[in-house]
Amino acid sequence: MSTLPISEPKIIRSESQGSFWSNIFSLDHKTIGKQYLFTSLFFLLVGGALAMMMRLQLGWPGHHFGFLNWIFSQRVVADGIIMPDFYNALFTMHGTFMIFFAIMPLLVGGFGNYLIPLKIGARDMAFPRLNMISYWLFLTAGLIMLSSFFVEGGPAAMGWTAYPPLSDVKDYTGIGAGMNLWLVSLLISGIASVLGAINYITTIVNMRAPGLTWFRLPLTVWSLFIVATLLLIAIPVLTSAIILLLFDRTVFTSFFVPNAVGDHTGGGQVLLWQHLFWFFGHPEVYIMILPAMGIASDVLSNFARKPIFGYHAMVYSMLAIAGLGFFVWGHHMFQSGMNPFLGTSFMVSTMVIAVPSAIKTFNWLGTLWGGNFKFDTPFLFAVGFVAMFVIGGLSGIFAASTPVDIYFHDTYFIVAHLHYVLFGGSLFAIFAGLYFWYPKMFGRMMNERLGKAHFWTMLLAFNGVFFPMHILGIGGMQRRIYDYMQFPHLAHFQPLNAFMSICAFILGFSILLFLFNFFWSMKRGKLAGPNPWRATTLEWTVSSPPPHGNFAEIPYVFRGPYEYSVPGHASDYWPQNEPPSGKDEL
Amino acid sequence: MSEILYEQPGFRAGSTHPGSETLIDNSRFVFLIGLAVDVMLFAGLIGGYFVLRGGTQVWPPTDLPHLNKELIGLSSISLALGAFFLSLTVQAQNRNELIRMRASLIISLIFLTVFLGMNAIEWKNLLTGGLQVRTVFGGIYFLVTGVFHIHILAGMCYILLKYRRTLRWKYYTRSTVSIAHLSYFMYAMLIVWLGIYGVVYL
Amino acid sequence: MLGYTTPPLPSPLVRGGRLFDLSHLLRGRLLMDVIPQYHHWWLPDEASSYASQIDGTFYLILWITGIVFALFAITLVVFLIRYRYREGRIAHFTRGSLRLEIIWTIIPAVILVFLAFQSEALWSAIKDPSKFPKNASIIQIHPRQFQWDIAYPGPDGMFGTKDDIKTINELYLPLGQPVRIDLEGQDVIHSFFVPEFRIKQDAVPGLPTSVWIVPTKLGKYDIACAELCGLGHYSMRGTVYVMPKDSIDHWLSSQTAIKK
Ligand code: HEA
Ligand code: HEA
Ligand code: CUA
Ligand SMILES: [Cu+2]
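So the protein sequences, as listed, match chains A, B and C. Residues 1 to 586, numbered by my numbering, are exactly what the first sequence covers, in order. Residues 587 to 788, numbered by my numbering, are exactly what the second sequence covers, in order. Residues 789 to 1048, numbered by my numbering, are exactly what the third sequence covers, in order.
Chain A with its partners taken away, still in its complex shape (with noise of 0.2 Å):
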């Protein structure tokens, strides 16, 4: 292609065809990217298994699952009727699964190491060491969270917010080991996201391919540079919430402790961990929805064949999204007993930052008007996040304003939420990545009609699981309630619950087609080719999957990411590292 004067490359590492041990312990950043891939996978399915059961209790309370016996024990399961604590500590560790084990490492740990530096034109992360021992770290992390399920006491079952006193006096729950276990926990895996990020940051500073200027950075790179520098100022805040409820569960200081009970002398402040822990909170889930919105701009500007619709509203309004989430985090507060004048400031600042989501769903919305797309799968689950993130987006709102959360806060309004921006959003920009990705990880496309059957029955499915849920909170039901038949304004909700948990099952299933569709394709796929998608940015200039240091030679790019029908151009996409036609080669 161009014969810039680029000094010849030099290959930084060859282990790649090497050992079984250099495999494992690879620093190649694309192996590293499968393995927080297929380890976060793994952990999807745990946290999925989970809420099956938690849909098993809640469609049908009190009924005997005989087939629970053969798993699980006495203690946790009796004579097939799951026990209050256990169900407790499903959803918690249901919800901890998902948001630090499966959602958060499939973006920042699986995408972030497989597509930044082939984005950007480098041969590896800054540091490929520090990398490796991110993920090793991380997935100790996830062992050490599994581990909690065997000991003495069960696992946390406080939620996965874990609000003290109930998660710092072991008397008040009988957990002991189970919730130290959760704190170390996240403390290493905080230590691994931090280790992480401080890599991306680097990488994409210094290491961009020249000419990649940072308004040339495809999307999906923007947001994972907002994102490091995201979890960069939230996760020490985390870290040093961690230190304080550690501190007091093993030598009893008093942080969180209000009242003199057993060996604490009591003295603490309740709302301090509330305050700490969405401090990091809130900017959290934007974490895990930042890196949805890059990739689903990706796959949106290459399915419609044109550039995404107002590029720079699009990186300034993430900018935005990320600097205003570190000022609404007392929006999950307002029933809290926190002064109510806050709450009034807190709700401002919510109301304001969904001004800038609201600017890139009509930026969605430009980019595919006028378009010429095709219904491939990856499109598909583009479009249906931007559709269910809106409305997860809408139904924000309910719960920012004040005096609605009053009677929301803590109900399934909530959960719905927070299914529909999870699950709706970023969960699908997820399988649209995958979809779109594949072919370049594994050199082969998956199967369109399977990855279609996976779509159709994942939405309708979602829909039915998840949409129901606000009718049970505007009903009144609250979250986290192990039986709802106990209370007479709720009974009458068990029909509705019994059909939600059946779609569970079949979004269940389809999970099942997906990974059947996954590992299948790795053999039987149809090969994929350089760039099956006609795609423009810099990873589909090499082969699938790309070698060892993946560029022969560093690209030199002339032009933005989304260069798709440009008039006058021959063909309908504009590589961005194609020299100009018509002009002379420098």
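The set of hints was computed from the structure by calculation and includes no laboratory data. Check before you lean on any hint, since a few could be wrong.
To list a few chain B residues with every Cβ distance to chain A over 12 Å, as calculated [said to hold, decoys possible]:
#	residue
1	617
2	666
3	674
4	695
5	735
6	777
7	784
Label pairs and their in silico Cβ distance ranges [to be verified]:
#	chain 1	residue 1	chain 2	residue 2	range
8	C	954	B	644	29 to 39 Å
9	C	918	B	787	21 to 31 Å
10	B	644	C	937	27 to 37 Å
11	A	251	B	614	33 to 43 Å
12	A	251	C	949	51 to 61 Å
13	B	611	A	319	20 to 30 Å
If we take Cβ atoms under 7 Å as the criterion, some of the chain A residues that face chain B in the derived model are [said to hold, decoys possible]:
#	residue
14	126
15	255
16	265
Computed from a predicted model, the values in this text were never measured in an experiment. Backbone N, C-alpha and C define an ideal beta-carbon position, used for all residues, glycine too.
Starting from the known structure of chain A, fit chains B and C with the ligands onto it as the hints suggest.
Okay, now just chains B and C with the ligands, sitting in the frame of chain A:
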């Protein structure tokens, strides 16, 4: 239409920002980010201190043994001197003055030891004076200062390592960035410490 | 009507009687009322003085977001159909439009700020301690795992004295009278939630909080704990009885008599 930017050739492939040679190098950059993360950790802990203080009627508790403002103030000066001599080390290294480099490393180490020593005395006084780790004030006090002292201790170990390495050098100083990093680190810690001192003691 | 004075509540357009009380249609109840079986698949009855205002704000947001979503969905579907792949057609090349960006920044911003103001007025009317009704009688609820410990001050009007009247899980409220409920958790955080009153407030250990209520409907309602508080969280249920004022007075004096 897509504007076309013709970059000047002459950059190193894949290592730096296009068109500019002088951008911050990877290891320094990563060090600075890491430092920022560390400072955020302290921000979280000190934020916790503020919330606890704000929510407690009598703060610090009435039965608190005397907090030795003067001693810890002196120790802060010692910390500042330690950081200052560390930066002299960097300077000496840049000027290739091996003897001065070793000397200032040692002096810096001494001042840091004095800092830790004074704080150890304070800890001992507080503990014997009856401040319990389990009380809210005691807990947050020992946690924040303890985490801080661990940082200083780690820095001192690093200085020792560096010092041992300089013993192997004979005629000139090897230029490595790590001493410069260490000096940034100490200055950052100094700022954090002044924050802690201001919040807890003043 | 009821012989009571509610504290002044804001009456912008979400207030009952205006735009959003026009009919059941606007309040979204139509379907649920037509099919009695599904009556309960919607907001529970309104049984406190501010319940209808909260519902009003809910409906206001429901209408706004509903319209936004409908417009969005229609556009999306139209685009998906119109611009599906056709052989030989070339996508329309455009990089964006500053004018459109400005429009779709400003319009949502205006709507959202409007919503924030609407919400703020009602929020402070309910939660601002300085706006609590002055003549409210006071009841103490100090929940613990897993029950609601309720106390009335008794004839001397003070808590913590011998003549306090205590109940567990049973709260008696006078119809049409303002009451203030002082909450504080004894062990972990619980949350006082009565769906029909549209009130929810965490009862935090070490941090006293208060809510006020003017019940407007006779009846029996559930108190549901809305904050995860451990094993028995799901069964931490109490009952509110709203009764005419004289029955409550009668009950209170009979309780005092029993004590003596
Ligand atoms: C990916 C994750 C994600 C995302 C992106 C969001 C986005 C938003 N969230 Fe959500 N949220 C969660 C994950 C997320 N949330 C989780 C996990 C919880 C529960 C935690 C727990 O307690 O367990 C939660 C809880 C939660 C609460 C607390 C509720 C409670 O406990 O009482 C609130 C309250 O304000 C809130 C608000 C919002 C708002 C306003 C947005 C906005 O950013 C949304 C903006 C988007 C749109 C508005 C849609 C697109 C815009 C338009 C189409 C334009 C036009 C719109 C208008 C004019 C209205 N969320
Ligand atoms: C990040 C994202 C995420 C994702 C993807 C999901 C996915 C699902 N969630 Fe999750 N959920 C949360 C995040 C998420 N959740 C959070 C943060 C909470 C709050 C926790 C708390 O309160 O602390 C929560 C809470 C929550 C509740 C409320 C619990 C309560 O308050 O009492 C419910 C109830 O139905 C639920 C259901 C489901 C279901 C059915 C799925 C399904 O979509 C799962 C689908 C996936 C699979 C099924 C896996 C694949 C298949 C198999 C493993 C094979 C087995 C299959 C069969 C047997 C059919 N979730
Ligand atoms: Cu008490 Cu939940
Ligand atoms: Cu939030």
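Find the nearest Cβ of chain A to the Cβ of residue 666 of chain B and say whether that gap is larger than 12 Å.
holds (25 Å)
Within 29 to 39 Å: is that where the Cβ-Cβ distance between residue 954 of chain C and residue 644 of chain B falls?
holds (31 Å)
Measuring Cβ to Cβ, find out whether residue 777 of chain B lies farther than 12 Å from everything in chain A.
holds (16 Å)
Would you check whether the claim that residue 695 of chain B is not at the interface survives, using Cβ distances to chain A and the 12 Å cut-off?
For residue 695 of chain B, whose nearest Cβ neighbour in chain A is about 28 Å away, the distance exceeds 12 Å, so it holds.
Is the distance from the Cβ of residue 644 of chain B to the Cβ of residue 937 of chain C consistent with 27 to 37 Å?
At 28 Å between Cβs, range holds.
Do the Cβ positions of residue 251 of chain A and residue 949 of chain C conform to the proposed distance bound of 51 to 61 Å?
Once the Cβ atoms are compared, 40 Å apart, the range 51 to 61 Å for residue 949 of chain C and residue 251 of chain A is violated.
Satisfaction of the hinted span 20 to 30 Å by the C-beta atoms belonging to residue 611 of chain B and residue 319 of chain A:
About 26 Å separates the Cβ atoms of residue 611 of chain B and residue 319 of chain A, which means 20 to 30 Å holds.
Non-interface claim for residue 617 of chain B versus chain A (Cβ beyond 12 Å):
Residue 617 of chain B is in fact no farther than 12 Å from some Cβ atom of chain A, at 9 Å.
Beyond 12 Å from chain A, beta-carbon-wise, is residue 784 of chain B?
holds (19 Å)
Minimum Cβ-Cβ distance from residue 735 of chain B to chain A exceeds 12 Å
For residue 735 of chain B, whose nearest Cβ neighbour in chain A is about 15 Å away, the distance exceeds 12 Å, so it holds.
Hint check: 7 Å Cβ-Cβ cutoff, residue 255 of chain A to chain B:
For residue 255 of chain A, the interface hint holds, since the closest Cβ of chain B sits about 6 Å away, which is under 7 Å.
Please check whether residue 918 of chain C and residue 787 of chain B have a Cβ separation lying inside 21 to 31 Å.
At 37 Å between Cβs, range violated.
In the structure shown, a violation is registered for the earlier hints numbered 1, 9 and 12, in ascending order.
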